[in-house]
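Can you build the whole structure from these sequences, using the hints too?
Here is what each chain is made of, one letter per residue.
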Amino acid sequence: MKRKLTCLLAALGVLMITGTAMAHFMMVYTPEIALHEGQDLDMRIVFTHPAEAGHTMDMGGVQEFYVVKQRGDAAPKKVDLMSYVKEITWKNPESSNKAFTAVIPKKEVRSMGDYVFVMKPGYYHEDEEGIYMQQITKLIVNVGGLPGNWAEPVGLPCEIVPLIKPYGIWTGNVFKAQVLSEGKPVAGAEVEVEYMSHMPDLKSNSLPKKSSVEYPHDSLITQTIFTDADGYITFGVPKAGWWGFAALGVGPETQHDGKEMSQDAVIWIKAVDMK
Amino acid sequence: MKKLMIVLTLASLLAFAGQAFAHSPLMSCFDNGDGTVTCEGGFSDGSSASGVKIHVTDGGGKSLIETNMNQDSEVTFKKPDGAYMVIFDGGAGHTVEVNGADIVE
Numbered sequence: 001m002k003r004k005l006t007c008l009l010a011a012l013g014v015l016m017i018t019g020t021a022m023a024h025f026m027m028v029y030t031p032e033i034a035l036h037e038g039q040d041l042d043m044r045i046v047f048t049h050p051a052e053a054g055h056t057m058d059m060g061g062v063q064e065f066y067v068v069k070q071r072g073d074a075a076p077k078k079v080d081l082m083s084y085v086k087e088i089t090w091k092n093p094e095s096s097n098k099a100f101t102a103v104i105p106k107k108e109v110r111s112m113g114d115y116v117f118v119m120k121p122g123y124y125h126e127d128e129e130g131i132y133m134q135q136i137t138k139l140i141v142n143v144g145g146l147p148g149n150w151a152e153p154v155g156l157p158c159e160i161v162p163l164i165k166p167y168g169i170w171t172g173n174v175f176k177a178q179v180l181s182e183g184k185p186v187a188g189a190e191v192e193v194e195y196m197s198h199m200p201d202l203k204s205n206s207l208p209k210k211s212s213v214e215y216p217h218d219s220l221i222t223q224t225i226f227t228d229a230d231g232y233i234t235f236g237v238p239k240a241g242w243w244g245f246a247a248l249g250v251g252p253e254t255q256h257d258g259k260e261m262s263q264d265a266v267i268w269i270k271a272v273d274m275k
Numbered sequence: 001m002k003k004l005m006i007v008l009t010l011a012s013l014l015a016f017a018g019q020a021f022a023h024s025p026l027m028s029c030f031d032n033g034d035g036t037v038t039c040e041g042g043f044s045d046g047s048s049a050s051g052v053k054i055h056v057t058d059g060g061g062k063s064l065i066e067t068n069m070n071q072d073s074e075v076t077f078k079k080p081d082g083a084y085m086v087i088f089d090g091g092a093g094h095t096v097e098v099n100g101a102d103i104v105e
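So the protein lines, in turn, are chains A and B. Sequential numbering from 1 applies to the first sequence in my numbering. Sequential numbering from 1 applies to the second sequence in my numbering.
Derived from the structure by calculation, the hints contain no laboratory data. Quick caveat: nothing in here was measured; it's all calculated off a predicted structure.
Using 30 Å as the maximum straight-line C-alpha spacing, the simulated DSSO-like pairs for lysine-lysine come out as follows:
{"no.": "1", "chain 1": "A", "residue 1": "107", "chain 2": "B", "residue 2": "78"}
{"no.": "2", "chain 1": "A", "residue 1": "106", "chain 2": "A", "residue 2": "78"}
{"no.": "3", "chain 1": "A", "residue 1": "107", "chain 2": "B", "residue 2": "53"}
{"no.": "4", "chain 1": "B", "residue 1": "79", "chain 2": "A", "residue 2": "77"}
{"no.": "5", "chain 1": "A", "residue 1": "165", "chain 2": "A", "residue 2": "120"}
{"no.": "6", "chain 1": "A", "residue 1": "77", "chain 2": "A", "residue 2": "165"}
{"no.": "7", "chain 1": "A", "residue 1": "78", "chain 2": "B", "residue 2": "78"}
{"no.": "8", "chain 1": "B", "residue 1": "78", "chain 2": "B", "residue 2": "62"}
{"no.": "9", "chain 1": "A", "residue 1": "77", "chain 2": "B", "residue 2": "78"}
{"no.": "10", "chain 1": "B", "residue 1": "53", "chain 2": "A", "residue 2": "77"}
{"no.": "11", "chain 1": "A", "residue 1": "98", "chain 2": "A", "residue 2": "78"}
{"no.": "12", "chain 1": "A", "residue 1": "106", "chain 2": "B", "residue 2": "78"}
{"no.": "13", "chain 1": "B", "residue 1": "79", "chain 2": "A", "residue 2": "107"}
{"no.": "14", "chain 1": "A", "residue 1": "209", "chain 2": "A", "residue 2": "91"}
Here's a subset of chain B near chain A, in silico, CB distances under 8 Å, partners left out:
{"no.": "15", "residue": "26"}
{"no.": "16", "residue": "28"}
{"no.": "17", "residue": "30"}
{"no.": "18", "residue": "42"}
{"no.": "19", "residue": "47"}
{"no.": "20", "residue": "48"}
{"no.": "21", "residue": "72"}
{"no.": "22", "residue": "73"}
Okay, the calculated bits of chain A under chain B, using three or more residues with CB under 8 Å as the criterion:
{"no.": "23", "stretch": "102 to 112"}
{"no.": "24", "stretch": "144 to 153"}
Just so it is clear, CB atoms sit at the ideal spot from N, CA and C, and this is done for glycine as well.
In structure tokens:
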């Protein structure tokens, strides 16, 4: 009787953990990524659940924050941005935690071209699963309509490389990208997709409680796509706004501090309605 | 012979039409705050503006500086006193004008 009860409790425990292991999404956010001209970029780095304004997690600091920029076919330039990163407190309706802000001055973003922002956080310990997570995140901004390196791999341990301009997407377009691990395509990688249905308030450093979308089922809060045999995903974009893609466990680092680690690659895109 | 001329004319029209549509010229200028102005150029398909003629004229249209975009599709020149215009001259249909009054740091 005692053994049956223990088994039952264990099973319930597993079910509960599965229910709450919601999509942790690293956000690197700035209000506009298709700019006409250079300007100060107000950016936030937050580890949270953007489709639910849910739990905000301690990402373990920021290890690297830089931009690789290119104007047309000029040589790409890497600029370190760590000096602009400052710690803040992010406040969601039911959860607060450390996050980061970075105001990139116009002088760094004045030229026309592409700006591929890369953020490598520290390690987040997921207590319920007893594993570490690290989501290496890209955000691609364009100034002036002159393209550059948006479709080029940066050379990260793991990354998602777009084949369709991530800042030039109409609602209804198909977004296609390739998942790479140490520069090589990853077949059968699990990619989670989430819509930012709670928009960041940059004055209060928070996500609002109200969602702009109704989610009739959990499988629609965090959608899942698997990469094909050549590492590609395709996704039809149904709504204007921000979409995040997270390729889980595709990075080469699988251990940290003696525990299992999920090193993920994240990219954010923004779609605009045709009027 | 006449037929050949017609075909060749049509073919050349198509060829040029294709090129004219493929890329539009872009130029962005900044006041460097040290008495110089830098302009960067390019085309919307990312192709280089290296060698493109740059005319800097005064408020009346008189030529002040004649120069070219360098290998990096950039040019830096001494900021003129008074009103001025910067003209990116990539040929017919490929020009961009930037008013000096809009060139800021």
